[in-house]
Amino acid sequence: GAVVSQHPSWVICKSGTSVKIECRSLDFQATTMFWYRQFPKQSLMLMATSNEGSKATYEQGVEKDKFLINHASLTLSTLTVTSAHPEDSSFYICSAGDRTNYGYTFGSGTRLTVV
Amino acid sequence: GQNIDQPTEMTATEGAIVQINCTYQTSGFNGLFWYQQHAGEAPTFLSYNVLDGLEEKGRFSSFLSRSKGYSYLLLKELQMKDSASYLCAISGGGNKLTFGTGTQLKVEL
Numbered sequence: 001g002a003v004v005s006q007h008p009s010w011v012i013c014k015s016g017t018s019v020k021i022e023c024r025s026l027d028f029q030a031t032t033m034f035w036y037r038q039f040p041k042q043s044l045m046l047m048a049t050s051n052e053g054s055k056a057t058y059e060q061g062v063e064k065d066k067f068l069i070n071h072a073s074l075t076l077s078t079l080t081v082t083s084a085h086p087e088d089s090s091f092y093i094c095s096a097g098d099r100t101n102y103g104y105t106f107g108s109g110t111r112l113t114v115v
Numbered sequence: 001g002q003n004i005d006q007p008t009e010m011t012a013t014e015g016a017i018v019q020i021n022c023t024y025q026t027s028g029f030n031g032l033f034w035y036q037q038h039a040g041e042a043p044t045f046l047s048y049n050v051l052d053g054l055e056e057k058g059r060f061s062s063f064l065s066r067s068k069g070y071s072y073l074l075l076k077e078l079q080m081k082d083s084a085s086y087l088c089a090i091s092g093g094g095n096k097l098t099f100g101t102g103t104q105l106k107v108e109l
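So the protein lines, in turn, are chains W and R.
Per my numbering, numbering of the first sequence is gapless, rising by one per residue and ending at 115.
Per my numbering, numbering of the second sequence is gapless, rising by one per residue and ending at 109.
No lab work stands behind these hints: they were computed from the structure.
Incorrect hints may appear among the rest.
Claimed, not checked - Derived list of chain R stretches under chain W, where covered just means 3 residues or more per stretch with a C-beta under 8 Å from a C-beta of chain W:
hint, segment
1, 38-51
2, 91-105
What the hints assert, rightly or not - In silico DSS-like cross-links for lysine-lysine, where the CA-CA straight-line distance does not exceed 27 Å:
hint, chain 1, residue 1, chain 2, residue 2
3, W, K66, W, K14
4, R, K81, R, K57
5, W, K64, W, K14
6, W, K41, R, K76
7, W, K66, W, K20
8, R, K57, R, K76
9, R, K76, R, K106
10, R, K57, R, K96
11, R, K96, R, K68
12, R, K96, W, K20
13, W, K64, R, K96
14, W, K64, W, K20
15, R, K57, R, K68
16, W, K66, W, K41
17, W, K55, W, K66
18, R, K96, W, K41
19, W, K41, R, K106
20, R, K106, R, K57
21, W, K66, R, K96
22, W, K55, R, K96
23, W, K64, W, K41
24, W, K20, W, K41
25, W, K41, R, K81
26, W, K41, W, K14
Quantities reported herein were computed from a predicted structural model and do not represent experimental measurements.
Backbone N, C-alpha and C fix where the C-beta goes; we use that ideal spot for every residue, glycine too.
Let the hints inform the model, and build the full structure from the sequences given.
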């Protein structure tokens, strides 16, 4: 079945630094990747949609200059949290469009803690 | 836009049946999903409904009424491992998947 590999699983960084999260589709080509953020005891909130070879589309209220998304190939999308602050601490999950699971396969998530 | 509502918490007894409701308002509809999520993990696909009616899959069933903007997930023969968050999600315009508020289910002995 379709697999999306997300790395790292967890990361701790200092306030003011940047962190890159990668999502790779291992056995299929993902023309579209969705990035979500989830705060404790809350649901997943869509941050942005990235399409291979084009600029990402950000949801209202999400700062595109802070959350940089790159989808340079059909198998790799990255999310970079720039100048991270403690309030950016969250669980970040990617989801790639594919034909298994009716169109959405999730990565395993990244727990980001900013200290 | 989309608005998806679920009860925040539910408690049920092991071996029992529980129904988790989801009501929604959406401008575009390509299907409704139910996911299970354990703390700190990614969501796991449970079911997909695009037409009205009931979809049964083992201990889990999901129902959809598009005219009423309503769905439910039915869990039978509850087990302790079913304690988790259950997320209703709508696939809408641009194939974006928007999640509801989530229902935290606690299964007790």
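Against the structure, the hints come out as follows:
Look at the segment 38-51 of chain R against chain W: 6 of its residues bring a Cβ nearer than 8 Å to a Cβ of that chain, three or more, so the hint holds. Figure legend: the segment 91-105 of chain R, annotated as covered by chain W; annotation consistent (11 residues with Cβ-Cβ distances under 8 Å, at least 3 required). Restraint check for K66 (chain W) and K14 (chain W): satisfied, since their Cα atoms lie roughly 16 Å apart, inside the 27 Å limit. Simply put, K81 (chain R) and K57 (chain R) have alpha-carbon atoms about 17 Å apart, close enough for the 27 Å limit, and the pair holds.
This hinted pair checks out: K64 (chain W) and K14 (chain W) have alpha carbons roughly 21 Å apart, not beyond 27 Å. Distance restraint check for K41 (chain W) and K76 (chain R): the Cα-Cα separation of roughly 25 Å lies within the 27 Å cut-off, and the hinted pair is therefore satisfied. Taking the CA atoms of K66 (chain W) and K20 (chain W), the gap is near 12 Å; set against the 27 Å cutoff, the hint holds. For the proposed pair K57 (chain R) and K76 (chain R), the alpha carbon gap of about 11 Å is at most 27 Å, so the pair holds.
Distance check on the hinted pair: K76 (chain R) and K106 (chain R) sit about 14 Å apart at the alpha-carbon level, within 27 Å; holds. Taking the CA atoms of K57 (chain R) and K96 (chain R), the gap is near 25 Å; set against the 27 Å cutoff, the hint holds. Our distance criterion of 27 Å between C-alpha atoms is met by K96 (chain R) and K68 (chain R), whose separation comes to about 21 Å. Only pairs whose Cα atoms come within 27 Å are accepted, and K96 (chain R) paired with K20 (chain W) is accepted, the gap being roughly 23 Å.
Restraint check for K64 (chain W) and K96 (chain R): satisfied, since their Cα atoms lie roughly 18 Å apart, inside the 27 Å limit. About 14 Å separates the Cα atoms of K64 (chain W) and K20 (chain W), which keeps this hinted pair within 27 Å; it holds. At most 27 Å may separate the alpha-carbon atoms for a hinted pair to count; K57 (chain R) and K68 (chain R) meet this at roughly 23 Å. Proximity of K66 (chain W) to K41 (chain W) is assessed by CA-CA distance (about 24 Å); at most 27 Å being required, the pair is judged to hold.
Our distance criterion of 27 Å between C-alpha atoms is met by K55 (chain W) and K66 (chain W), whose separation comes to about 14 Å. Our distance criterion of 27 Å between C-alpha atoms is met by K96 (chain R) and K41 (chain W), whose separation comes to about 22 Å. Annotation: proposed proximity of K41 (chain W) to K106 (chain R) holds, straight-line Cα distance about 14 Å (limit 27 Å). A threshold of 27 Å between alpha carbons decides the hint, and for K106 (chain R) with K57 (chain R) the separation of about 21 Å falls inside it, so the pair holds.
Simply put, K66 (chain W) and K96 (chain R) have alpha-carbon atoms about 21 Å apart, close enough for the 27 Å limit, and the pair holds. A C-alpha spacing of about 16 Å is found between K55 (chain W) and K96 (chain R), which places the hinted pair at or below 27 Å, so the restraint holds. With a CA separation close to 25 Å, the supplied pair K64 (chain W) and K41 (chain W) stays within the 27 Å bound. The hinted pair formed by K20 (chain W) and K41 (chain W) meets the criterion: a straight-line CA distance of about 24 Å does not exceed 27 Å.
Of the supplied pair hints, the one linking K41 (chain W) and K81 (chain R) holds, its CA atoms being roughly 18 Å apart against a limit of 27 Å. Restraint check for K41 (chain W) and K14 (chain W): the C-alpha separation of about 24 Å stays at or below 27 Å, so the hint holds.
The structure fails none of the hints (numbered hints given earlier).
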